[in-house]
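**Q** Take the sequence shown: its position 320, counted from the start at 1, is 320 in my numbering, and no numbers get skipped.
Simulated from the structure, these hints should not be mistaken for laboratory data. Where is the CB? At the ideal position from N, CA and C, for every residue including glycine.
Here are the simulated lysine-lysine pairs, DSBU-like style, with alpha carbons at most 35 Å apart: (1) 306 / 213; (2) 255 / 118; (3) 255 / 111; (4) 118 / 163; (5) 297 / 111; (6) 236 / 213; (7) 163 / 255; (8) 255 / 236; (9) 213 / 118; (10) 111 / 236; (11) 163 / 111; (12) 297 / 163; (13) 236 / 306; (14) 297 / 213; (15) 118 / 236; (16) 163 / 236; (17) 306 / 255; (18) 297 / 236; (19) 297 / 255; (20) 213 / 163; (21) 255 / 213.
Simulated DEER-style distance windows between Cβ atoms: (22) 188 / 143: 16 to 24 Å; (23) 295 / 245: 34 to 42 Å; (24) 188 / 136: 19 to 27 Å; (25) 116 / 282: 21 to 29 Å; (26) 246 / 297: 39 to 47 Å; (27) 143 / 230: 27 to 35 Å.
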Amino acid sequence: MLVSRILLLLTLFVMNSCRGREYLEEQPAFRNYSGTGILAFSSGREGVHGRRMILVDPESGAAYDLDPALKKDSIAGGVSFGAFRFLSSGEWAIVEKESPRRPLEPGLYLKASGTYQKETRLILTSQPGSPAEERILFEAGPDERIGAVAGNGHGLGAFCLIKNQNISFYTIGRNGPPVRVGELSGYYVFDLAISRTGTVAARISPIERQDEKLSPADIWISEAFGPASSPGILLKLRALDSPGFLTGRGFEGVKDLAFSPDGQTLAVLLSQEDDCRMVDEGGNLGCRKNIRLIYSKSPNGRQLTKLRTTQADRLDWIDLSDR
1 MLVSRILLLL
11 TLFVMNSCRG
21 REYLEEQPAF
31 RNYSGTGILA
41 FSSGREGVHG
51 RRMILVDPES
61 GAAYDLDPAL
71 KKDSIAGGVS
81 FGAFRFLSSG
91 EWAIVEKESP
101 RRPLEPGLYL
111 KASGTYQKET
121 RLILTSQPGS
131 PAEERILFEA
141 GPDERIGAVA
151 GNGHGLGAFC
161 LIKNQNISFY
171 TIGRNGPPVR
181 VGELSGYYVF
191 DLAISRTGTV
201 AARISPIERQ
211 DEKLSPADIW
221 ISEAFGPASS
231 PGILLKLRAL
241 DSPGFLTGRG
251 FEGVKDLAFS
261 PDGQTLAVLL
271 SQEDDCRMVD
281 EGGNLGCRKN
291 IRLIYSKSPN
301 GRQLTKLRTT
311 QADRLDWIDL
321 SDR
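Work out the full structure, taking the sequences as your base and the hints as a guide.
**A** Structure (structure tokens):
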């Protein structure tokens, strides 16, 4: 009897610890909803091609499956939903539609131009689905290149300028000139986000790695925000032991980030301690990811979701209130 119980406990431990890839469970179908909502993008169910979009209520954390609602309102090249169009060319692009009740502000859409890792021009371009517009906003100097860029629907953009391992962050409007908002060295910059108030957040990861440790991606912020009393590293996530198939505290950290429409809250899609496991012999990791909210005026954030999925990889925050 004792041996049977021990074997049962071991079996339960292995089943819980050796997780493999986890796909998002079915969520309630979307109903009527008004207010701002966080869109979480996930890969399709196992064996099913395509993407899934989940709408998360930023107050309650309740998640709704948008797939049924989107299928009812298909358009050429994508789908329409409320005040937005979702255009897909391998990756969803979200475009806000014009409304007489709330006219659109001039947006700012940016891209870096040049050969790979030698991008030297910052290009103002049109939003997806609109007539093409392109003009140069900024050109990098000698030995410089443009890294990650970001724009928003309120006429503000951000980009980083890289020289050796030194990174300078800038904001820019439709007619320039760029304004430097901070510097960083010793990190890679993967993504940028900019709020409507001009706060810049960057997803970063340290260049130097510790042996047998997993260094999580963190956030650089351009001003005092949440737990950061000054510009700099926001979350200060620690490198921990790399995970194996059954155990390991190390985690990958921040996967994506998005500001709320009013710019006062930052939503972060991330894995945390004990969320990651090795999923194959090649050393690839599967990390459970959830949404955490960071408030500009409070040092205390809030865990918003408890989704058991390793496949979520992108966030957007949109306003679905009555237009």
